[in-house]
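Student: Protein sequence lines correspond, in order, to chains A and B.
Under numbering that gives the first Met the number 0, the letters of the first sequence match residues 0 to 461, in that order.
Under numbering that gives the first Met the number 0, the letters of the second sequence match residues 0 to 107, in that order.
One should not assume that every hint holds.
To be verified - Mimicking SDA-like on lysine to any residue, the simulated pairs with C-alpha atoms at most 20 Å apart in a straight line are:
no., chain 1, residue 1, chain 2, residue 2
1, A, K183, B, G59
2, A, K198, B, D103
3, A, K138, B, D103
Everything labelled a hint here was simulated from the structure, so no lab data went into it.
Chain by chain, the residues run as shown.
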Amino acid sequence: MIGIALVFLGGVITLFWGLNKSESKSLWILRFFMLLSALLSGAEGQGWVDFSELFKWVPAHMLNFNAFKLSMVSILSFFGFYILSLLPSTYKKGADVLGLFAFALTGAMMMVGSQHLVMLFLGLEVLSIPLFVLAGSEKENIYGNEAAMKYFLMGAFSTAIFLLGAAFTYGGSGTLILSEIQMKLSFAAHFGEFPVLLKAGVILMSVGLLFKVSAVPFHFWSPDVYEGSPNRVATFMAVIVKVAGFVAFAQLINTFSPMQIWINQWIVPVSILTILVGNIAALVQQTVKRTLAYSSISHAGYLLLFLILPMEENLPILGTYLLSYGLGTIILFYLMDKYSADGEKSFEMFKNIKNNKIDMAALVIGTLSIAGVPSTIGFVAKYQLFSAAFSQNHYSVYLALLGSAISIAYYFKPFRYALAETNEVDAEQNSINGLFSQICLITGMLLIITLGLLPMITERIF
Amino acid sequence: MLNVFHNLEISHYIYLSTVLFSIGLFGVLFRRNAIVLLMCIELMLNSVNLLLAAFTEYMGDANANGQMFVFFIMVVAAAEAAVGLAILVMVYRNTRKTDVSFLDQLKD
């Protein structure tokens, strides 16, 4: 709750204070609020502080945060802070873009904490609507326009499907509160047969969310949208939307856990299809940004495997995976953004990266982590996820392992250019903002390695 | 007049809203004009509103949860339409078209 309040406040203050100022000044305010929100929500999640007295006017059946959700809110705020610290702005006019980032993050937190279908829907929309605007924030750029239009049409379409599912669920169970729906379902489970309305409801709601997290066969929009949007917005879509989407999705599937066996029948094929299509399509991409887009699709596939597990005791696995995915993705998007500044879009862009030692280290660590090589957090996350899923379904884990073997091929593509002999040496230029982003980058690398070597820390966090 | 509506069964409402929803869905899939697409999305959302209102009435929900949901959907649909039309105006300025056929620049 404190996270939502702080980030929202930060957004409003940024909007008013930064009305006529350049973006970089108001950026510091927003970064401060996001970092504060990350620290306070994290501390509340660990039970060191308690803000529940402050927010007891919020109805608990609408919006409620337990320890896991507080940690996820903390991670979401941290990722918001991290994206805004690492990726530079392409928009110099004012602070309105920053306000939209803050409001989208608020929506993501609402999704994480929702206990009620209305709240889930509102969170989804508060997350999506600012992103429609942000995708087209470069007004003159025709690709940005296309991305905004495509994202808007897909977003509105998937929302409508999600809502039809919510209406059917309401018709089948008579309530919109998730815990009461679960109660009704376990009651129905005793009689063996579930109402058709509820089955249609969970399928339609899942399709709506699968659109949002870009799982195959609903993924076709995401590479285009990522490529057309400004890099910072594309990172935000790839990380924040997926983290919030999967926490909400896990909660939704957990609500329908009495019909878990039936749900697994279609979640497992979707997951395997997403992993294989995402990884194989990423292999043949020419540009770095599209490769990263398909890589994020394939990670959505691994995360879908989580949904077949019994939810409550396995939540740390979800948290670890989302943390590792976010860290690796943000670092790779940052490098892609930095080295594509001169218009080079293919993997050629990395040919000068070894002149900059920190960036080279970041490329190595980020790639190893997202590919799941031991001693990084990516390995811990994948190992935990696969070993838990193995007890449920052998074949899906074999196929997921095949998928992640394929992924090594394209994750290591940058090294072919990065390690090639070149004679050009260009001078490094460093500014104050450059120094700050270097510090953030090193922090991210240290997090990846530390959490990879000491997995008990993540077990303690979640 | 009211009696006519009370004599309708809930299944009639379900069929009607599913048909309306499908008209909107196929409209989004097959029409090319962006303004028509916006109208189709509105149609999908409004068919859901009809269904929610009908379910609330049918189940005699004392808290009228479904009808409360309808208001939220209406507000969000308005916000969505505002953003959608703004995006459309931006696109029109650059391409002089309201046709979604321009959405193929990013393929490779």
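Student: Confirm or reject each hint.
Tutor: Outcome of the hint check:
no., hint, in the structure
1, K183/A / G59/B, "holds, 17 Å"
2, K198/A / D103/B, "violated, 36 Å"
3, K138/A / D103/B, "holds, 18 Å"
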